[in-house]
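Student: Please build the complete structure, drawing on both the sequences and the hints.
Protein chains in written order, with our numbering: chain S, 23 to 240; chain A, 4 to 269.
A few of these clues could be false.
[As the list claims (entries may be wrong)] Simulated crosslink set (BS3-like; lysine-lysine; CA at most 25 Å straight-line): (1) 238(A) / 117(S); (2) 238(A) / 91(A); (3) 117(S) / 37(A).
Rather than coming from a laboratory, the hints here were simulated on the basis of the structure.
As the structure is a computational prediction, the values presented were derived from the model and not from experiment.
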Amino acid sequence: MRWMLQFWDSTIGKKYVMAVTGVGLVLFAVGHMAGNLQVFMGAQVFNDYAHKLQSLGPLLWIARAGLFTMAVLHIVSAVQLTMRARAARPVDYVKRESQIATWASRTMRVGGVLLAVFLVFHILHFTTGQLHPAFSKGGAYGNVVIGFGNVWVAIFYIVAMTFFGLHLYHGVWAGVRTLGVAKPNPNPMERKLALGLAIIVWAGFIAVPVGVLLGIVD
Amino acid sequence: MSGAGTAQPMQLTLNVWRQKSPAEPGRMVKYPAKDISPDMSFLEMLDVVNERLIQAGDDPIAFDHDCREGICGSCGLMINGAAHGPMKLTTACQLHMRSFKDGDEITIEPWRAKAFPVIKDLVVDRSAFDRIIQAGGFISVPTGTPQDANALPIPKPDADLAMDNAACIGCGACVAACPNASASLFTAAKISHLGVLPQGQPERSRRALAMVARMDLEEFGGCSLFGECMAVCPKGISIDAIQRMNRDYAFAMATKSDAKEWTGAA
Ligand code: HEM
Ligand code: FES
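Tutor: Take a look at the structure:
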């Protein structure tokens, strides 16, 4: 097991940790997004679904612990790699032009920080309710409708999920490459995979606040 | 050079990093570069500017160069924010002034990385690359009578891949262009060049462990898959090499019982 600690000490090891935890978080995000879409099937279906999740008991806590661990590992490696990159260029250029780096790749760090802020807000908003104006335990549907009744909150969710889409567009492509499982190809498959996944996750997540804003969900 | 007499001379301004020694602080200084032929190479243009500086009793601008034909990897300049300047697949020495417009102001800076400290002006110390090579960028073979060329069959795609990666001239543009100042493309090219050939197999795992450890020790940044290195590489080396390096490194870490020895970790 000692090799794992040693692996973690290397830049490549930290990238593997980012990529593996990233894959885990992506899988969660896809599931979460799909679950959310049940809000369009009415209060009954959505509340039942939420209730089912809540009644998982110990399983729910195992899932939460797993997600929390993955998020912490992901963020710790991101912070360490960022600090390392900063230190690697103590004197910056007067002029440096980006060549082919995508906007998504260049906003990984700032977007990641926004996502961290978002996650804290999101949990205090819809899970524990402290930041919700009229939180009702067991009333998930009503919580969503009232929560997004505040336009600014809805906009914050939409902006955060747009950065999440960008994060995934670069992250999924980078993760596949970091793990070394991409097939060498001038027109890489994983680019299309990343784009498709990013669009699906982005659209699926923003559908809910947009639906409330448009009065489709009420 | 035909056309040298007909081409309009260019009037340029250079904005150049000047730094007397590693210890002294540097600064950007502007110089006129008058009557420059568009047919000159970028380094010839600097030669002309330097001759005028010398005639005026000033210190010429120090820059690295050797072959001037794009094969040695000595030259390395950040030109207008791009490593080796605006031409793809081209070293600074093979860049021509016709790539610029009359009246242009050209910003020229040294490679910027903690691992590449400035020695003087535009000259940086790239011996960190040599130390990465020393760590494992070789194969141990008995030198003696050469064996028959056909004794070791190598599939054509493998030979091609090895050659593509062997094209690396170690100029350091990848580090210079990388927002993280990462040496991943350089190290990966060297690991891939040897790692796909039969001669490179016995030391493949050790090579990955030792070279990556050295790369980290030299305080280069990690890879974020920005792709900037590949865009400026004068030899067009693909970031495919980096995933190969990652795979070799992770596999070696997980399978070699003596991994610690090769990474030199405490
Ligand atoms: C919550 C706060 C988050 C922060 C601060 C963060 C930060 C980052 C940063 C800085 C990178 C680029 C690392 C580098 O190469 O330099 C990255 C990569 C990545 N992120 Fe995140 N991220 C967060 C959340 C997420 C979430 C929720 C997911 C998925 C659901 C995710 C998926 C990924 C993936 C797949 C990668 C690519 C890994 C690689 O480059 O190999 N991230 N993250
Ligand atoms: S001087 Fe040799 S590659 Fe430019």
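Student: All hints, please: hold or fail.
Tutor: Here's how the hints hold up against the structure:
no.	hint	verdict
1	238(A) / 117(S)	holds, 23 Å
2	238(A) / 91(A)	holds, 9 Å
3	117(S) / 37(A)	holds, 23 Å
Checked against the numbered hints given earlier, this structure breaks none of them.
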